[in-house]
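Enquirer: Start from chain A and add chain B according to the hints.
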Amino acid sequence: MNEPIDLGNSFAEAVAGFGIPADLARVLWMPIPMLVVILSASVAVLLSVWAERKWSAYMQQRLGPTVAGLNGFMQGVADGAKLLVKEDVIPRKGDPWLFTFGPVIIIIPIFFAYLVIPFGQGLVISDLAIGIFFFVAISSVAPIGALMAGYASNNKYALLGGLRAAAQGISYELPLALSILSIVMMSNSLSTVDIVNMQSTHGILSWNILKPGVGQIGFVIFLISALAETERAPFDLPEAESELVQGHHTEYSGMKFALFYLAEYANLVLGSLVASILFLGGWSFIVPMGTVANLLGIDPLDPAFQVFSALLGIVMTIAKATLFVFLAILARWTLPRVRIDQLLDLGWKFLLPLALFNLLLTAALKLAFPAFFGG
Amino acid sequence: MVLQGYDYLLGFLLISCLVPVLALTASYFVRPKGGGAFRETTYESGVEPRGPKGGAWIQFNIRYYMFALVFVIFDVETVFLYPWAVAFSKLGLFAFIEALIFIAILVVGLVYAWRKGALEWT
Numbered sequence: 002m003n004e005p006i007d008l009g010n011s012f013a014e015a016v017a018g019f020g021i022p023a024d025l026a027r028v029l030w031m032p033i034p035m036l037v038v039i040l041s042a043s044v045a046v047l048l049s050v051w052a053e054r055k056w057s058a059y060m061q062q063r064l065g066p067t068v069a070g071l072n073g074f075m076q077g078v079a080d081g082a083k084l085l086v087k088e089d090v091i092p093r094k095g096d097p098w099l100f101t102f103g104p105v106i107i108i109i110p111i112f113f114a115y116l117v118i119p120f121g122q123g124l125v126i127s128d129l130a131i132g133i134f135f136f137v138a139i140s141s142v143a144p145i146g147a148l149m150a151g152y153a154s155n156n157k158y159a160l161l162g163g164l165r166a167a168a169q170g171i172s173y174e175l176p177l178a179l180s181i182l183s184i185v186m187m188s189n190s191l192s193t194v195d196i197v198n199m200q201s202t203h204g205i206l207s208w209n210i211l212k213p214g215v216g217q218i219g220f221v222i223f224l225i226s227a228l229a230e231t232e233r234a235p236f237d238l239p240e241a242e243s244e245l246v247q248g249h250h251t252e253y254s255g256m257k258f259a260l261f262y263l264a265e266y267a268n269l270v271l272g273s274l275v276a277s278i279l280f281l282g283g284w285s286f287i288v289p290m291g292t293v294a295n296l297l298g299i300d301p302l303d304p305a306f307q308v309f310s311a312l313l314g315i316v317m318t319i320a321k322a323t324l325f326v327f328l329a330i331l332a333r334w335t336l337p338r339v340r341i342d343q344l345l346d347l348g349w350k351f352l353l354p355l356a357l358f359n360l361l362l363t364a365a366l367k368l369a370f371p372a373f374f375g376g
Numbered sequence: 011m012v013l014q015g016y017d018y019l020l021g022f023l024l025i026s027c028l029v030p031v032l033a034l035t036a037s038y039f040v041r042p043k044g045g046g047a048f049r050e051t052t053y054e055s056g057v058e059p060r061g062p063k064g065g066a067w068i069q070f071n072i073r074y075y076m077f078a079l080v081f082v083i084f085d086v087e088t089v090f091l092y093p094w095a096v097a098f099s100k101l102g103l104f105a106f107i108e109a110l111i112f113i114a115i116l117v118v119g120l121v122y123a124w125r126k127g128a129l130e131w132t
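Respectively, the protein sequence lines represent chains A and B.
Position in the first sequence counted from 1, then plus 1, gives you the working numbering.
Position in the second sequence counted from 1, then plus 10, gives you the working numbering.
Chain A with its partners taken away, still in its complex shape (with noise of 0.2 angstroms):
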């Protein structure tokens, strides 16, 4: 079908003129991407801090944050600013290294994390062959940095509050990956590129939400996975404000404070990412991009035609995240928290079994219905 723009060629070709080889341009294009995804990344905190702050509010019929900003859209910014000017408190009985490498090694993985992201066709800083695999082994870093964070503080709060959240975070690792596993069997691949182009055949019929009976199962145990990997309520027991104060932010103020807020947004739309692109076709737009130029009577090797698609995916990437990042703070919202026990059994005595049973599932399916289920 139409070929993916590639960026860096195009960025090579550009710099030619100036008569700077190839492979020196290769090396100046690297950064650029990244650099691109990290401020978005930052961007999309910032609007997610806001929206929680707004649609939360309206939930509970206030205004929510007015002051900074056209609607208060600044309050992200106007917080980070703040939290980068206090002081920065290291309680005397804590260890010191743990305590600022906690936030730090809670972070790190979370941006790393979306290399293998891709925002539109070809829009990738990584096509890495492990893909979604990477995925997986990155976002398991950050418990230990809530437990050295938790431990480092030397508070009874703090400590099991760490705890709490490497539990939380271990247990639900698995239904999280096995819920992947049975979308790497439809696609054959374990490339994120290949989970969207697997997805995007024939528009939203070919999304994997709508493969019969899998589909729904591993959306549902993703969903709930991934909103307690994100360690939100109705899971944020690692810092259940009415037992444990702040878990194990509990000691912390100023920028390493900051460092927790950022990681728990940036984790959020991480998460929505990733989901969007499992279950709802990534960039794909609800009709293949070939009958839409078919339809307008235009070919679809046209360049503007391209761009348009490009943006397009672009769009849809942001809209359905923005989707998951809404069903998030509506849970958030709405829903009471869970218990331990509670939060310990959904995942190993009911999600657990269920991944394995749909990952069965699906293999049975695949085998039954090859055409179907990816071949």
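Hints in this document: simulated from the structure, not taken from any laboratory.
Be careful, since some hints might not be right.
What the hints assert, rightly or not - Covered by chain B, according to a simulated footprint, are these stretches of chain A (three or more residues, beta-carbon under 8 angstroms):
1. 156-168
2. 186-196
To be verified - What follows is a list of derived Cβ distance ranges for each label pair:
3. B:D85 with A:F358: 37 to 43 angstroms
4. A:A17 with B:F39: 39 to 45 angstroms
5. B:F106 with A:G298: 45 to 51 angstroms
6. A:E88 with B:F112: 52 to 58 angstroms
7. A:V68 with B:E50: 30 to 36 angstroms
8. A:K83 with B:L20: 30 to 36 angstroms
9. B:F39 with A:I299: 28 to 34 angstroms
To be verified - With a straight-line Cα cutoff of 30 angstroms, these simulated BS3-like cross-link-like pairs (lysine-lysine) come out:
10. A:K87 with B:K43
11. B:K43 with A:K83
12. A:K87 with A:K55
13. A:K83 with A:K94
14. B:K43 with A:K94
15. B:K126 with A:K350
16. A:K55 with A:K83
Ideal placement from N, C-alpha and C gives every residue a C-beta, glycine not left out.
Expert: What follows is chain B alone, placed relative to chain A:
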């Protein structure tokens, strides 16, 4: 061929590491210093917590270890299943039966842990 795109991985790891480094460095130059001894006390009811060293580095619930141990078993299992899932369309019925046996053994393990009470929080 298989290991394509890992130069970007390394570059992105460095850039991701820069995020917290830059944030903390920027904060170091603009934040107020000083504070005082009272700010560095443990966040508690107002009274300094007592204990061996007056802290929280004490024994905690063994349950956390139990879940961690069960997790290790199942996580390794999941890692083994990834290559199976990717190659499944080429392997067919034989791989399906093999995975069925593999998962059945692990389900026995899960049932054992369940019956033994390793998954209970009481």
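Enquirer: Next, verify each hint and record whether it holds.
Expert: Hint check:
no.: 1; hint: 156-168; verdict: holds (count 9)
no.: 2; hint: 186-196; verdict: holds (count 4)
no.: 3; hint: B:D85 with A:F358: 37 to 43 angstroms; verdict: violated, 19 angstroms
no.: 4; hint: A:A17 with B:F39: 39 to 45 angstroms; verdict: holds, 41 angstroms
no.: 5; hint: B:F106 with A:G298: 45 to 51 angstroms; verdict: holds, 47 angstroms
no.: 6; hint: A:E88 with B:F112: 52 to 58 angstroms; verdict: holds, 55 angstroms
no.: 7; hint: A:V68 with B:E50: 30 to 36 angstroms; verdict: holds, 33 angstroms
no.: 8; hint: A:K83 with B:L20: 30 to 36 angstroms; verdict: holds, 35 angstroms
no.: 9; hint: B:F39 with A:I299: 28 to 34 angstroms; verdict: violated, 54 angstroms
no.: 10; hint: A:K87 with B:K43; verdict: holds, 9 angstroms
no.: 11; hint: B:K43 with A:K83; verdict: holds, 15 angstroms
no.: 12; hint: A:K87 with A:K55; verdict: holds, 25 angstroms
no.: 13; hint: A:K83 with A:K94; verdict: holds, 27 angstroms
no.: 14; hint: B:K43 with A:K94; verdict: holds, 19 angstroms
no.: 15; hint: B:K126 with A:K350; verdict: holds, 14 angstroms
no.: 16; hint: A:K55 with A:K83; verdict: holds, 19 angstroms
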